[in-house]
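Colleague: One letter stands for each residue in the lines below.
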Amino acid sequence: MTYEQVIALAMLVSLVLYGLSAGADFGGGVWDLLARGPRAHAQRQAIERAIAPIWEANHVWLILVIVLMFTAFPPAFGAIMTALHIPMTLVLIGIVLRASAFVIRKYDVRSDALHRRWSLLFGVSSLLTPFFLGLSLGALGSGEIRVIDGTVTSGFFAGWTRPFAASVGIFAQALFAFLAATYLTADAETDAGLRDDFRARALASGIALAPAAALVFMLSRAGATVIFEGLTEWWAPLLLAATSSCAIGALLALWLRRYALARLAAAGQVALILIGWGLAQYPHILVPDLTFQNTATAPRTLRFLIQALTGGAILLLPCFVLLYRVFKGSRAGRGYQPGD
Amino acid sequence: MCRHEPARGQAVTDLLFARSQMAMSLAFHIIFAVIGMGMPVLMVIAEYRWLRTRAEVWLDLAQRWAKGTAVLFAVGAASGTVLSFELGLLWPAFMDVAGGIIGMPFSLEGFAFFTEAIFLGLYLYGWKRLTPRMHWLSGVMVALSGLASAVFVLTANAWMNAPTGFDIVDGRITNIDPVAAMLNPASLQQVIHMTLAAYVATGFAVAGVHAFFLLRNRSSMFHRRALAAALLLGAACTPLQILSGDRIAKLTARIQPAKFAAMEAHYRTEAGAPLTLGGVPDDEAMETRWAIRIPGALSILAHGSADATVTGLEDIPRDEWPPTAIVHWSFDIMVACGFTLLVLSAWAASSAWRRRALPDHPWLLRALVAASPLGFIAIEAGWIVTEVGRQPWIIYGVMRTADAVTPMPGLVVPFTTFTLLYLLLAVILVLVLSRQFIETSPAPAAGSTTPSPPAESSR
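Just so you know, the sequences run in chain order C and V.
With this note's numbering, the residue at position 124 of the first sequence is 124, and numbering never jumps.
One rule links them: number in this note's numbering = place in the second sequence (from 1) + 340.
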């Protein structure tokens with residue numbers, strides 16, 4: 001493997017982990033927005049409990065993708081941020097509003113009317129941010145953003161204003177909502193009613209994923225030819241089979257109330273989808289002009305970066321294990337309060 | 341390098357909005373970044389005292405400080421994300437050149453931030469799930485990784501002032517050495533100066549809040565302990581910060597004479613140069629009117645000798661001058677804040693020494709309340725000095741800011757959006773935090789919302 005391949009892989013791994021962790025945090029916000037029924041309040045509390053201790057750590061995966069991109073592939077970073085200035089700015093506004101609404105709602109002294117307003121802001125920004133993220137990812141593969149001699153020549157609306165990009169955005173929303181609901185069924189161990197609420201939501205959003213995925217695939221034929229062709233490579237049927245078994249497996253496990261299994265299958269499904277996207281687009285970082293190879297910086301920087309990644313991974317892994325064991329492990333009780 | 345040739349006037353306006361948006365984002369984020377560095381130190385001190393003495397008041401203090409920090413840390417994380425994107429959204433050509441050279445410290449900062457976020461989660465939500473010692477260690481990890489983040493980010497900023505670790509051959513960057521870039525001549529001084537600034541600013545801001553409550557009720561053990569811990573941090577770091585300021589000024593005089601001349605509003609190159617305080621710099625007449633001058637002091641400040649020659653702006657090409665007035669006034673404001681805090685530190689320390697007790701003279705408490713924002717004002721002013729003082733360069737001597745800006749038109753829109761967003765957030769945060777503090781403050785009659793009321797905190 002070359003240096004740039006190692007770093008491209010690290011970026012993909014970070015993106016997958018971002019999807020699996022922060023993606024579910026976004027999805028949680030969506031279910032907060034859609035909380036209803038007699039247990040609406042309990043649903044919101046369960047979501048808050050699930051997200052609060054881990055969301056900031058989860059969010060850092062996105063920052064890692066960004067810094068890896070600008071360190072290892074600086075011209076690609078410049079070009080992508082220029083061409084996608086508008087949707088990226090919308091992502092940022094979403095990130096700021098969501099984080100602020102979440103913590104302010106959590107820590108402000110209780111008052112129902114205010115609480116509802118923060119909830120609304122938290123929910124809406126959780127719903128919209130993944131849409132703009134998906135839109136931007138879709139635009140990278142559209143082939144409409146052109147970079148000639150280091151200059152973006154296709155303007156500020158290319159790629160992301162097309163139906164294909166929009167379909168990726170919608171797919172991302174549905175996928176994260178499904179992931180979150182599935183995780184929440186596994187989290188809500190002691191409350192059968194709450195568990196059924198999230199099970200119904202997981203099943204509904206899981207089924208809704210099928211047409212959303214089909215739409216992305218259909219639109220990719222014209223809207224992202226490189227990706228469409230990638231998805232017809234030799235490995236594609238294998239990947240498709242694995243992804244579908246995860247998807248069907250997750251739904252079956254939910255139906256049979258095997259929640260731990262459902263969580264695993266749903267996570268596998270999300271990971272495989274992102275890996276499939278990465279493989280289909282490789283070696284392009286921005287279709288068609290920029291590849292990982294033709295935008296890579298000096299080998300010396302790449303080598304140091306790989307060393308730093310290795311060291312960082314060795315340092316971080318035990319910390320992450322600790323975090324998740326303390327808050328998500330089987331012995332982790334419920335009902336923490338800061339300060340109790 | 342992506343260059344673009346839009347209409348001239350529009351390009352100038354967009355450059356101004358890009359700079360304003362970056363400045364505003366940095367000015368907003370730096371407050372939360374500083375609190376994220378300083379507060380964990382205070383929390384760790386308080387919890388350490390609790391572990392040693394088992395006096396509930398210390399635990400109560402650590403927990404209340406943690407609550408406020410949680411909100412501010414989240415806003416800091418989000419506004420920091422905005423900055424990492426804005427590097428590309430606003431300065432794509434800069435990142436194109438600099439990414440491979442200084443992306444490295446940013447990547448390392450990513451790992452530090454990961455550690456910080458993980459242990460902050462453990463700290464904030466793990467009071468009951470971790471053993472007291474593990475919990476305290478999580479706090480120590482938050483403080484250490486916050487410090488590490490700052491070190492890495494400052495290294496990257498220092499490189500913009502003292503670019504090293506590459507060669508330019510035929511206008512192209514080659515021989516990139518990211519480690520040499522991180523070890524540039526400005527790194528160490530900037531790291532020391534900003535780290536101390538964070539501790540001074542947090543210490544005095546927190547001291548001011550608790551001094552305010554002590555003025556109403558001087559016997560509150562809660563606020564007395566809080567003031568003691570905050571003063572300890574702020575007053576201990578302030579004299580060190582003044583020394584660091586002297587070192588960094590000498591460094592600037594050596595490696596960035598244009599910035600130094602603008603800081604001091606110093607136009608004429610001369611030996612035995614006077615120090616110019618205040619005044620109105622006039623670039624056309626090349627003189628600073630209505631200023632106080634201390635003979636020979638600038639030469640001492642710059643080169644450690646009263647008759648050393650100090651380069652004035654007259655020896656800098658006119659198109660490489662930073663905006664003199666802004667840089668000079670910001671510098672003077674920073675220094676004035678620093679020396680005010682030094683006087684306060686000395687007052688508090690001597691009073692504590694004489695009485696062998698917490699200094700709680702009403703006039704000292706009033707002064708602390710009034711001085712509460714000075715550390716943050718100094719930080720904002722100091723960043724204006726370093727960033728505006730580097731203009732017109734984005735990479736000193738290598739790349740001009742005007743050549744780095746995005747070709748994106750209409751930058752007034754994101755600038756306005758983010759300004760309104762941050763203003764709104766600032767107002768809301770002040771309201772939320774003051775309400776939280778007042779409603780949960782353990783004054784005798786206040787209704788506490790915490791489930792575990794501290795045993796003997798308020799009497």
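Keep in mind that the hints were calculated from the coordinates and are not lab data.
Note that the coordinates shown come from a computational prediction; the quantities given were computed from them, not determined experimentally.
The beta carbon of each residue, even a glycine, is placed where N, CA and C say it ideally should be.
Any given hint could turn out to be false.
[To be verified] One-sided excerpt, in silico: chain V residues whose CB lies under 7 Å from chain C:
id	residue
1	440
2	443
3	631
4	634
[Claimed, not checked] If you want the footprint, here are the derived chain V segments under chain C, 3+ residues with CB under 8 Å:
id	segment
5	414-424
6	448-457
7	465-477
8	487-494
9	729-742
10	751-764
Colleague: Hint by hint, note whether the structure agrees.
Modeller: How the hints compare with the structure:
1. At about 3 Å, the closest approach between the beta carbon of residue 440 of chain V and any beta carbon in chain C falls short of 7 Å, and the interface hint on this residue holds.
2. Interface hint at residue 443 of chain V: satisfied, since its Cβ lies 2 Å from the closest Cβ of chain C, which is below the 7 Å cut-off.
3. Given hint, residue 631 of chain V at the interface with chain C, is violated; its Cβ is 42 Å from that chain's nearest Cβ, farther than 7 Å.
4. Look at residue 634 of chain V: its Cβ only gets to about 45 Å from chain C, farther than 7 Å, so that hint breaks.
5. For the segment 414-424 of chain V, the stated coverage by chain C holds: 9 residues have a C-beta nearer than 8 Å to a C-beta of that chain, and at least 3 were required.
6. Counting residues of the segment 448-457 of chain V whose beta carbon lies closer than 8 Å to any beta carbon of chain C gives 8, which reaches the threshold of three, so the coverage claim holds.
7. Using a Cβ-Cβ cut-off of 8 Å, 6 residues of the segment 465-477 of chain V lie near chain C, which meets the minimum of three, so the contact claim holds.
8. Residue count for the segment 487-494 of chain V with a Cβ under 8 Å from a Cβ of chain C: 0. That is fewer than the three needed, and the coverage hint is violated.
9. Figure legend: the segment 729-742 of chain V, annotated as covered by chain C; annotation inconsistent (0 residues with Cβ-Cβ distances under 8 Å, at least 3 required).
10. Coverage of the segment 751-764 of chain V by chain C holds in this model, with 4 residues showing a Cβ closer than 8 Å to a Cβ of that chain against a need of three.
Checked against the numbered hints above, the structure violates hints 3, 4, 8 and 9; every other hint is satisfied.
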